[in-house]
Amino acid sequence: MNTPPTTRQAARGFTAIELMITVVIAAILLSIGIPSFRSLIDNQRMTTAVNDLYAAILLARAEAVQRGGRVDLAPLDGADWTKGYAVFVETKATKTQVPDFSQDTIVYSTGPVADGITISTAFTDETTQYIAYNGTGRTRTNANPQQAQMGTLSFTQNGAAKKRIKLNLMGRARTCDPNSANATEVANCTATADGK
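Counting in numbering that gives the first Met the number 0, the sequence shown runs from 0 upward without gaps.
Simulated from the structure, these hints should not be mistaken for laboratory data. All C-beta atoms, glycine included, are put in the ideal place defined by N, C-alpha and C. The reader is advised that the hints may include incorrect statements.
The calculated label-pair distances, taken between Cβ atoms and stated as ranges, are [stated by the list, open to error]:
(1) Lys82 with Thr14: 26 to 36 Å
(2) Ile27 with Gly158: 56 to 66 Å
(3) Ala121 with Met19: 21 to 31 Å
(4) Ile33 with Thr90: 13 to 23 Å
(5) Ala92 with Asn42: 40 to 50 Å
(6) Ala15 with Pro111: 45 to 55 Å
(7) Ala15 with Asn157: 21 to 31 Å
(8) Ile105 with Val22: 49 to 59 Å
(9) Gly134 with Gln102: 38 to 48 Å
(10) Ser108 with Val22: 46 to 56 Å
(11) Ala159 with Phe13: 26 to 36 Å
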(Lines of atoms letter the chains of each structure in order from A; the text may use other names.)
(Lines give C-alpha, C1' and ligand atoms only; values in the text may rest on other atoms or scores of the structure.)
Protein backbone atom coordinates (compact mmCIF):
# COMPACT_ATOMS: atom_id res chain seq x y z
CA MET A 0 0.00 0.00 0.00
CA ASN A 1 1.22 3.35 -0.95
CA THR A 2 0.57 6.16 1.44
CA PRO A 3 0.64 9.66 0.06
CA PRO A 4 3.46 11.80 1.35
CA THR A 5 2.43 14.07 4.22
CA THR A 6 3.22 17.72 4.10
CA ARG A 7 4.17 19.49 7.19
CA GLN A 8 1.69 22.21 8.11
CA ALA A 9 3.00 25.64 8.94
CA ALA A 10 2.81 26.50 12.61
CA ARG A 11 0.08 28.97 13.50
CA GLY A 12 0.53 31.92 15.86
CA PHE A 13 3.40 34.21 16.69
CA THR A 14 6.95 33.36 17.37
CA ALA A 15 8.58 34.73 20.49
CA ILE A 16 10.59 37.22 18.44
CA GLU A 17 7.49 38.54 16.66
CA LEU A 18 5.71 38.93 19.98
CA MET A 19 8.66 40.80 21.52
CA ILE A 20 8.85 43.18 18.55
CA THR A 21 5.11 43.87 18.80
CA VAL A 22 5.37 44.61 22.52
CA VAL A 23 8.33 46.98 21.96
CA ILE A 24 6.47 48.86 19.20
CA ALA A 25 3.36 49.12 21.39
CA ALA A 26 5.45 50.45 24.30
CA ILE A 27 7.03 53.11 22.07
CA LEU A 28 3.63 54.21 20.73
CA LEU A 29 2.17 54.38 24.25
CA SER A 30 5.11 56.42 25.55
CA ILE A 31 4.46 58.95 22.79
CA GLY A 32 0.67 58.96 23.11
CA ILE A 33 0.08 58.97 26.88
CA PRO A 34 1.46 62.49 27.55
CA SER A 35 -0.74 63.86 24.74
CA PHE A 36 -3.72 62.02 26.16
CA ARG A 37 -2.99 63.42 29.63
CA SER A 38 -2.93 66.93 28.19
CA LEU A 39 -6.26 66.28 26.48
CA ILE A 40 -7.82 65.12 29.76
CA ASP A 41 -6.43 68.17 31.65
CA ASN A 42 -7.80 70.55 29.00
CA GLN A 43 -11.19 68.87 29.17
CA ARG A 44 -11.28 69.15 32.97
CA MET A 45 -10.43 72.86 32.74
CA THR A 46 -13.12 73.45 30.11
CA THR A 47 -15.67 71.66 32.29
CA ALA A 48 -14.74 73.71 35.38
CA VAL A 49 -14.99 77.03 33.49
CA ASN A 50 -18.23 76.13 31.71
CA ASP A 51 -19.89 74.88 34.91
CA LEU A 52 -19.14 78.09 36.84
CA TYR A 53 -20.08 80.23 33.83
CA ALA A 54 -23.43 78.40 33.58
CA ALA A 55 -24.00 78.93 37.33
CA ILE A 56 -23.41 82.67 36.87
CA LEU A 57 -25.93 82.77 34.01
CA LEU A 58 -28.40 80.79 36.14
CA ALA A 59 -28.01 83.18 39.09
CA ARG A 60 -28.68 86.16 36.84
CA ALA A 61 -31.71 84.57 35.18
CA GLU A 62 -33.09 83.46 38.54
CA ALA A 63 -32.72 86.98 39.98
CA VAL A 64 -34.63 88.47 37.05
CA GLN A 65 -37.32 85.78 37.27
CA ARG A 66 -37.77 86.27 41.03
CA GLY A 67 -37.43 90.04 40.83
CA GLY A 68 -34.99 90.00 43.74
CA ARG A 69 -31.51 89.17 44.95
CA VAL A 70 -29.92 85.82 44.13
CA ASP A 71 -26.39 84.88 45.24
CA LEU A 72 -23.71 82.59 43.87
CA ALA A 73 -21.01 81.70 46.40
CA PRO A 74 -18.56 78.97 47.39
CA LEU A 75 -20.06 76.31 49.64
CA ASP A 76 -17.60 77.17 52.42
CA GLY A 77 -17.73 80.92 51.74
CA ALA A 78 -14.09 81.11 50.64
CA ASP A 79 -12.87 78.49 48.13
CA TRP A 80 -14.63 78.19 44.75
CA THR A 81 -12.79 74.93 43.99
CA LYS A 82 -14.62 73.13 46.83
CA GLY A 83 -17.99 73.69 45.14
CA TYR A 84 -20.51 76.51 44.95
CA ALA A 85 -24.24 77.17 45.03
CA VAL A 86 -26.82 79.49 43.51
CA PHE A 87 -29.21 80.39 46.32
CA VAL A 88 -31.67 82.88 47.76
CA GLU A 89 -30.78 83.82 51.33
CA THR A 90 -33.88 83.61 53.49
CA LYS A 91 -32.23 83.97 56.88
CA ALA A 92 -32.30 87.35 58.63
CA THR A 93 -28.51 87.80 58.74
CA LYS A 94 -27.09 87.72 55.21
CA THR A 95 -23.77 85.88 55.11
CA GLN A 96 -23.28 85.09 51.38
CA VAL A 97 -22.59 81.52 52.46
CA PRO A 98 -25.18 78.97 51.35
CA ASP A 99 -27.05 77.36 54.23
CA PHE A 100 -28.80 74.22 53.00
CA SER A 101 -31.13 74.17 56.01
CA GLN A 102 -32.35 77.78 55.78
CA ASP A 103 -31.74 79.16 52.27
CA THR A 104 -33.54 78.35 49.03
CA ILE A 105 -30.93 76.44 47.04
CA VAL A 106 -31.45 76.78 43.29
CA TYR A 107 -28.34 74.85 42.21
CA SER A 108 -25.23 73.45 43.85
CA THR A 109 -22.20 71.51 42.70
CA GLY A 110 -19.27 69.68 44.23
CA PRO A 111 -15.54 70.32 43.92
CA VAL A 112 -13.75 70.96 40.64
CA ALA A 113 -11.09 68.56 39.33
CA ASP A 114 -7.76 68.26 41.15
CA GLY A 115 -5.03 70.63 40.01
CA ILE A 116 -7.43 73.49 39.18
CA THR A 117 -7.44 76.65 41.28
CA ILE A 118 -9.81 79.62 41.07
CA SER A 119 -8.78 83.08 42.25
CA THR A 120 -10.85 86.26 42.18
CA ALA A 121 -10.48 90.01 41.82
CA PHE A 122 -13.86 91.63 42.60
CA THR A 123 -15.11 95.09 43.47
CA ASP A 124 -16.11 93.84 46.94
CA GLU A 125 -13.70 91.20 48.20
CA THR A 126 -14.85 91.06 51.82
CA THR A 127 -16.41 87.68 51.05
CA GLN A 128 -16.39 85.50 47.97
CA TYR A 129 -19.74 85.91 46.21
CA ILE A 130 -21.54 87.15 43.12
CA ALA A 131 -24.96 88.68 43.79
CA TYR A 132 -27.55 89.74 41.23
CA ASN A 133 -30.50 92.04 41.85
CA GLY A 134 -33.92 91.77 40.21
CA THR A 135 -32.82 93.72 37.14
CA GLY A 136 -30.03 91.26 36.34
CA ARG A 137 -27.21 93.53 37.46
CA THR A 138 -24.57 92.53 39.96
CA ARG A 139 -24.49 94.27 43.32
CA THR A 140 -22.25 94.48 46.35
CA ASN A 141 -23.26 94.05 49.96
CA ALA A 142 -22.07 97.49 50.97
CA ASN A 143 -24.08 99.27 48.28
CA PRO A 144 -26.90 97.66 46.25
CA GLN A 145 -26.28 100.27 43.53
CA GLN A 146 -22.58 99.40 43.16
CA ALA A 147 -21.76 96.66 40.66
CA GLN A 148 -19.86 93.57 41.77
CA MET A 149 -17.59 93.30 38.75
CA GLY A 150 -14.29 91.56 38.32
CA THR A 151 -12.56 88.38 37.26
CA LEU A 152 -12.48 84.72 38.22
CA SER A 153 -9.12 83.31 37.09
CA PHE A 154 -8.63 79.59 36.53
CA THR A 155 -5.17 78.05 36.73
CA GLN A 156 -4.15 74.47 36.22
CA ASN A 157 -0.94 73.13 37.71
CA GLY A 158 0.28 76.73 38.12
CA ALA A 159 -0.42 77.91 34.56
CA ALA A 160 -3.12 80.49 33.75
CA LYS A 161 -5.69 78.89 31.49
CA LYS A 162 -9.07 80.68 31.42
CA ARG A 163 -10.97 83.55 33.00
CA ILE A 164 -14.57 84.54 33.54
CA LYS A 165 -15.04 88.31 33.52
CA LEU A 166 -18.07 90.14 34.94
CA ASN A 167 -18.68 93.62 33.56
CA LEU A 168 -20.50 96.63 35.00
CA MET A 169 -23.87 95.41 33.69
CA GLY A 170 -23.46 91.96 35.25
CA ARG A 171 -22.75 90.18 31.99
CA ALA A 172 -20.27 87.34 32.14
CA ARG A 173 -17.91 86.15 29.44
CA THR A 174 -15.10 83.64 29.26
CA CYS A 175 -11.72 84.55 27.86
CA ASP A 176 -8.19 83.26 27.40
CA PRO A 177 -5.40 85.19 29.18
CA ASN A 178 -2.87 83.63 26.81
CA SER A 179 -4.50 84.98 23.64
CA ALA A 180 -2.11 87.11 21.60
CA ASN A 181 -4.80 88.57 19.33
CA ALA A 182 -6.02 91.83 20.91
CA THR A 183 -9.09 92.01 18.65
CA GLU A 184 -10.24 88.49 19.47
CA VAL A 185 -13.48 88.25 21.47
CA ALA A 186 -11.89 85.69 23.78
CA ASN A 187 -9.06 88.09 24.68
CA CYS A 188 -8.91 89.04 28.39
CA THR A 189 -7.35 92.49 28.07
CA ALA A 190 -10.57 94.49 27.62
CA THR A 191 -10.60 97.17 30.33
CA ALA A 192 -14.36 97.70 30.06
CA ASP A 193 -14.86 94.49 32.03
CA GLY A 194 -13.44 96.01 35.18
CA LYS A 195 -10.82 94.13 37.15
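Consistency of the hints with the structure:
Roughly 56 Å separates the CB atoms of Lys82 and Thr14, a value that falls outside the hinted 26 to 36 Å. Checked against the hint of 56 to 66 Å, the C-beta distance between Ile27 and Gly158 comes to roughly 30 Å, which is inconsistent with it. Separated by about 57 Å at the C-beta atoms, Ala121 and Met19 break the suggested range of 21 to 31 Å. For the pair Ile33 and Thr90, the supplied restraint of 13 to 23 Å is violated, since their beta-carbon distance comes to about 50 Å.
For the pair Ala92 and Asn42, the beta carbons lie near 45 Å from each other, so the given range of 40 to 50 Å is met. Checked against the hint of 45 to 55 Å, the C-beta distance between Ala15 and Pro111 comes to roughly 49 Å, which is consistent with it. Between Ala15 and Asn157 the CB atoms are about 42 Å apart, so this pair departs from the stated range of 21 to 31 Å. At roughly 54 Å, the beta-carbon separation of Ile105 and Val22 lies within the given 49 to 59 Å, and the hint holds.
For Gly134 paired with Gln102, a C-beta distance near 21 Å fails the hint of 38 to 48 Å. Between Ser108 and Val22, the C-beta spacing of about 48 Å keeps the proposed range 46 to 56 Å intact. Judged by the Cβ atoms, the range 26 to 36 Å given for Ala159 and Phe13 is violated: they are separated by roughly 45 Å.
Violation of the numbered hints given earlier is confined to hints 1, 2, 3, 4, 7, 9 and 11; the remaining hints are satisfied by the structure.
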